[in-house]
Amino acid sequence: MSIVKCTHCQLEFDETVMITEEKSPDVYFCCNGCQGVYHLLKDDGLDSFYEKMGNATIAPPVESDDNAENFDLESFKQRYIKTTAEGFSKVDLVIEGIHCAACVWLNEKVLDSTDGILEANINFTNNKAKIIWDEDTIKLSEIIEKIRSIGYNAYPYEQSAEDVKASSAQRDYFLRMSVAVFGSMNIMMIGVAKYAGYFSGIKPENLHLVHMAEFLFATIVLFYSGWIFFRGAYYGLKNKIINMDLLVSGGALITYIYSMTVLFGANGHSYFDSVTMIITFVLVGKYLEVLGKKSAVDTMDKIKSQVPLEATIVEEGVKRVVSLDEIVVGDIIEVKNGEKASVDGKSIVKESIYDESSLSGESLPVEKQEGDMIYSGTINSGMVMRYRATKNYANSTLSTMVNLLEDSLASKPKIEEMTNELSKYFSLTIILLSIVTYIGWYLYSGDLEKALIITIAVIVIACPCALALATPIASLIGISWATERGLLFKEAKFIETFAKVTTVVVDKTGTITEGNLTVKKQSQELNPQDLALLYAMADSSTHPVSRAIKKYLEQEYEKIEIVELEKIEQLGGRGLKAEYKGQTILGGNSKLLDEHYIELDSKSDYTIYHFVIDVRVVASFELEDSIKKDAREMINYFQKIGVEVIMATGDHEKVSKKVADEVGIKTLYFGMSPLEKAELLTSLKEQDKIVVMVGDGINDALALSKADVAIAMGSGADVALAMSDVVVLNDSLKGIKESFIISRRTYTFIKQNLLLSLIYNMITIPLAMAGFVIPLVAALSMSLSSLIVVGNSMRIKTKEL
Amino acid sequence: MNAVLKLELIVGLLASFTMLTIFIWSVKKGGFDDSKKMMDGMLFDSEEDLQDAVNRENKQKALKEKKLKDIKKAKEEG
Numbered sequence: 001m002s003i004v005k006c007t008h009c010q011l012e013f014d015e016t017v018m019i020t021e022e023k024s025p026d027v028y029f030c031c032n033g034c035q036g037v038y039h040l041l042k043d044d045g046l047d048s049f050y051e052k053m054g055n056a057t058i059a060p061p062v063e064s065d066d067n068a069e070n071f072d073l074e075s076f077k078q079r080y081i082k083t084t085a086e087g088f089s090k091v092d093l094v095i096e097g098i099h100c101a102a103c104v105w106l107n108e109k110v111l112d113s114t115d116g117i118l119e120a121n122i123n124f125t126n127n128k129a130k131i132i133w134d135e136d137t138i139k140l141s142e143i144i145e146k147i148r149s150i151g152y153n154a155y156p157y158e159q160s161a162e163d164v165k166a167s168s169a170q171r172d173y174f175l176r177m178s179v180a181v182f183g184s185m186n187i188m189m190i191g192v193a194k195y196a197g198y199f200s201g202i203k204p205e206n207l208h209l210v211h212m213a214e215f216l217f218a219t220i221v222l223f224y225s226g227w228i229f230f231r232g233a234y235y236g237l238k239n240k241i242i243n244m245d246l247l248v249s250g251g252a253l254i255t256y257i258y259s260m261t262v263l264f265g266a267n268g269h270s271y272f273d274s275v276t277m278i279i280t281f282v283l284v285g286k287y288l289e290v291l292g293k294k295s296a297v298d299t300m301d302k303i304k305s306q307v308p309l310e311a312t313i314v315e316e317g318v319k320r321v322v323s324l325d326e327i328v329v330g331d332i333i334e335v336k337n338g339e340k341a342s343v344d345g346k347s348i349v350k351e352s353i354y355d356e357s358s359l360s361g362e363s364l365p366v367e368k369q370e371g372d373m374i375y376s377g378t379i380n381s382g383m384v385m386r387y388r389a390t391k392n393y394a395n396s397t398l399s400t401m402v403n404l405l406e407d408s409l410a411s412k413p414k415i416e417e418m419t420n421e422l423s424k425y426f427s428l429t430i431i432l433l434s435i436v437t438y439i440g441w442y443l444y445s446g447d448l449e450k451a452l453i454i455t456i457a458v459i460v461i462a463c464p465c466a467l468a469l470a471t472p473i474a475s476l477i478g479i480s481w482a483t484e485r486g487l488l489f490k491e492a493k494f495i496e497t498f499a500k501v502t503t504v505v506v507d508k509t510g511t512i513t514e515g516n517l518t519v520k521k522q523s524q525e526l527n528p529q530d531l532a533l534l535y536a537m538a539d540s541s542t543h544p545v546s547r548a549i550k551k552y553l554e555q556e557y558e559k560i561e562i563v564e565l566e567k568i569e570q571l572g573g574r575g576l577k578a579e580y581k582g583q584t585i586l587g588g589n590s591k592l593l594d595e596h597y598i599e600l601d602s603k604s605d606y607t608i609y610h611f612v613i614d615v616r617v618v619a620s621f622e623l624e625d626s627i628k629k630d631a632r633e634m635i636n637y638f639q640k641i642g643v644e645v646i647m648a649t650g651d652h653e654k655v656s657k658k659v660a661d662e663v664g665i666k667t668l669y670f671g672m673s674p675l676e677k678a679e680l681l682t683s684l685k686e687q688d689k690i691v692v693m694v695g696d697g698i699n700d701a702l703a704l705s706k707a708d709v710a711i712a713m714g715s716g717a718d719v720a721l722a723m724s725d726v727v728v729l730n731d732s733l734k735g736i737k738e739s740f741i742i743s744r745r746t747y748t749f750i751k752q753n754l755l756l757s758l759i760y761n762m763i764t765i766p767l768a769m770a771g772f773v774i775p776l777v778a779a780l781s782m783s784l785s786s787l788i789v790v791g792n793s794m795r796i797k798t799k800e801l
Numbered sequence: 001m002n003a004v005l006k007l008e009l010i011v012g013l014l015a016s017f018t019m020l021t022i023f024i025w026s027v028k029k030g031g032f033d034d035s036k037k038m039m040d041g042m043l044f045d046s047e048e049d050l051q052d053a054v055n056r057e058n059k060q061k062a063l064k065e066k067k068l069k070d071i072k073k074a075k076e077e078g
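Protein sequences, first through last, are from chains A and B. The first sequence begins at 1 in the numbering used here and counts up by one. The second sequence begins at 1 in the numbering used here and counts up by one.
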């Protein structure tokens with residue numbers, strides 16, 4: 001058996017389970033979806049997509065249950081479609097399934113070649129698309145179908161005021177930063193001539209010329225790029241707060257004014273290069289902050305785009321499509337197969353099946369009886385059903401989750417507040433020290449210029465550099481080390497928090513277990529005829545149990561004859577019924593056997609699947625979600641170093657306890673809703689614990705947002721990945737242990753660096769205040785201190801993991 | 001010597017400010033809004049993409065003209 005790549009999605013599978021084609025023996029497909037898209041692209045001459053993809057992988061296309069015609073409804077148009085000045089229609093979409101630049105290329109190319117589409121612009125960074133089209137030539141539903149036909153999906157989103165604001169702030173900061181970098185690079189080049197002149201001799205008029213050029217660049221950088229610091233300092237002073245902005249803008253302005261006096265005749269050296277450097281370094285950090293805020297807004301738009309647009313209510317037998325806000329308690333709501341429930345309510349039909357994976361994380365659909373709760377956001381996996389609304393949209397589970405996520409995204413960076421608090425005192429101390437230095441030296445020497453030079457030396461020597469570099473440079477090395485091992489830290493601050501962790505909360509499905517059912521036991525061997533019938537039965541359903549049986553048969557049996565069943569019938573919550581040449585075939589759980597009066601003693605802790613031909617039980621299968629192989633090692637490691645490990649799952653007690661016992665977890669919370677998981681996290685934090693949450697599903701998103709550090713598995717749901725702070729790309733639990741070791745080691749080096757820079761400041765600031773350091777030496781020693789910090793940080797990666 | 005230095009400096013400054021102006025124009029037009037696409041897009045630049053851009057412009061022009069005609073016609077009729 002050899003492993004081959006799917007020609008379309010590039011994911012690797014066993015050769016025996018792949019779809020092959022007689023005409024082209026070199027192509028393999030993992031599913032019909034991939035095969036369909038491959039041929040579609042080939043026929044349209046778009047197969048250069050595969051060259052552009054390189055080694056990237058994409059998700060296999062999934063057939064969407066949503067009806068694209070909803071996009072043409074009047075209520076949809078009113079909410080999402082805008083009209084341009086020229087009379088064309090415009091919509092903002094989030095495109096699902098974009099993994100690489102080739103995906104963007106393909107979508108744009110296909111849309112561009114579609115008649116009636118004027119503009120299709122997809123942003124690769126946030127997967128948002130802007131589409132402008134002519135309504136008279138093509139409908140939006142047709143455009144959506146076009147996107148779906150090539151294996152992607154699209155959801156509309158309302159461009160919020162925050163999105164517009166965040167985009168404009170990102171552009172503004174990018175421009176200011178670029179101008180600062182431009183100015184710094186030019187000044188550095190000019191600086192080569194200037195500093196070479198100090199040693200080899202330079203004519204005063206030439207030096208003046210060089211100073212003039214530096215002055216030009218420094219002026220632009222200080223007053224254009226550095227404007228935000230002046231603004232920040234002004235608002236800080238207005239609110240009686242001394243902030244880092246005041247130190248940066250004040251230090252740069254004083255240095256600039258002093259350098260100008262030198263340029264226009266005074267004796268001394270100019271420091272225009274220091275002015276641009278100070279502004280540029282700090283501005284780069286600020287830009288990264290703005291990018292973080294923009295990405296939070298994008299995440300929220302993605303989550304909101306998953307909310308259903310409208311619901312069908314039934315009033316005296318008449319159906320009416322209404323927007324979610326119009327639904328009132330007591331309304332009867334109809335939900336078709338594949339649709340999401342829009343508000344919370346109680347079922348009024350005898351039987352229905354719901355996919356509650358968005359709440360519980362469990363992939364098996366849940367059977368609902370009359371009177372059972374239907375939660376908003378869960379998907380109807382069975383027939384058309386009706387339920388009575390018990391809550392309006394604003395108070396329903398889905399809306400509550402969206403609101404809580406929005407709040408948590410806005411309030412996350414609390415460590416930043418602490419850093420700002422610290423820098424406030426640092427800035428205040430430096431400003432006070434420089435004022436004392438200036439007054440002291442002026443009174444002592446009576447020389448205004450000397451007092452000014454010494455004061456500038458104090459500011460320059462104390463300005464950002466070593467102290468500011470101590471944390472970022474060590475974090476950068478730690479993060480790059482983690483990235484090499486497939487562990488993505490979204491922000492450096494999580495290194496520190498993770499290093500101090502006291503409690504690890506883990507989800508069960510997909511985190512401790514594989515998240516997929518696998519067959520553990522087969523009661524009897526199958527003859528070729530029965531095997532063919534069972535395979536055909538399993539192949540006709542997308543239920544997780546059927547999928548697991550199909551996969552198992554493909555792995556266990558080399559040759560399976562393909563037969564076609566007749567009258568296939570889905571029996572909600574029980575299994576399938578079909579006919580073949582007059583025989584009745586059943587495949588499903590014990591309830592299905594009871595219903596057909598077939599007696600069999602089949603008690604088991606596992607999920608059971610019986611295969612029956614004409615009341616004869618041919619074979620029974622026991623299925624289980626298997627535990628990941630490195631789960632026990634990871635849990636043991638954390639417990640050994642004194643970190644408490646807790647399991648919080650939406651699954652029921654019996655299964656949860658079994659898994660917890662097997663991996664050695666002592667504290668277990670089962671049957672938890674997403675809100676309860678989030679409450680658990682909050683209560684742990686209230687006990688002053690530093691909590692790391694590991695999860696992968698949509699149901700974990702809220703709890704992830706409440707954790708001090710949120711870790712998601714790479715294969716997890718988009719929302720979980722968006723909410724996480726660390727992503728373990730290879731899904732291995734060993735990765736969590738490794739990321740902890742990296743965090744702890746990096747944190748140790750951050751502390752060492754801070755100590756080094758503190759010692760530097762303790763020695764150099766008094767020396768500068770005493771007048772032993774001229775500004776040039778101050779600038780040089782500032783660089784030297786940075787080098788020491790960088791050199792020390794390089795040692796982080798020397799440890800073997 | 002001094003004059004040469006002056007000239008070099010002026011030409012250098014002019015060249016760099018021209019580049020800066022082009023860059024600012026591009027940022028303001030949204031050319032750098034999507035950092036990922038900007039970096040990876042370079043890999044896909046080809047004659048085919050240039051041809052696509054031309055076709056797109058022609059299509060946009062044709063659609064806009066058609067729309068104008070339709071609006072005019074509707075006004076005349078209504």
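Heads up, a few of these hints could be off.
Claimed, not checked - Here are the computed lysine-lysine pairs in the DSS-like style, where the Cα-Cα straight-line distance is at most 30 Å: (1) A/657 - B/73; (2) B/72 - A/139; (3) B/64 - A/90; (4) A/165 - A/391; (5) B/6 - A/130; (6) B/6 - A/90; (7) B/61 - A/490; (8) B/36 - A/42; (9) A/130 - B/37; (10) B/6 - A/82; (11) A/130 - B/36; (12) A/5 - B/73; (13) A/350 - A/302; (14) B/6 - A/77; (15) B/64 - A/146; (16) A/302 - A/194; (17) A/319 - A/203; (18) A/350 - A/591; (19) A/559 - A/581; (20) A/42 - B/37; (21) A/90 - A/139; (22) A/90 - A/5.
Honestly, the hints are just simulated from the structure, not real lab data.
Tested hints:
| no. | hint | result |
| --- | --- | --- |
| 1 | A/657 - B/73 | violated (73 Å) |
| 2 | B/72 - A/139 | holds (22 Å) |
| 3 | B/64 - A/90 | holds (14 Å) |
| 4 | A/165 - A/391 | violated (33 Å) |
| 5 | B/6 - A/130 | violated (49 Å) |
| 6 | B/6 - A/90 | violated (53 Å) |
| 7 | B/61 - A/490 | violated (43 Å) |
| 8 | B/36 - A/42 | holds (27 Å) |
| 9 | A/130 - B/37 | holds (15 Å) |
| 10 | B/6 - A/82 | violated (55 Å) |
| 11 | A/130 - B/36 | holds (17 Å) |
| 12 | A/5 - B/73 | violated (56 Å) |
| 13 | A/350 - A/302 | violated (35 Å) |
| 14 | B/6 - A/77 | violated (62 Å) |
| 15 | B/64 - A/146 | holds (23 Å) |
| 16 | A/302 - A/194 | violated (52 Å) |
| 17 | A/319 - A/203 | violated (90 Å) |
| 18 | A/350 - A/591 | holds (16 Å) |
| 19 | A/559 - A/581 | holds (22 Å) |
| 20 | A/42 - B/37 | holds (24 Å) |
| 21 | A/90 - A/139 | holds (12 Å) |
| 22 | A/90 - A/5 | violated (39 Å) |
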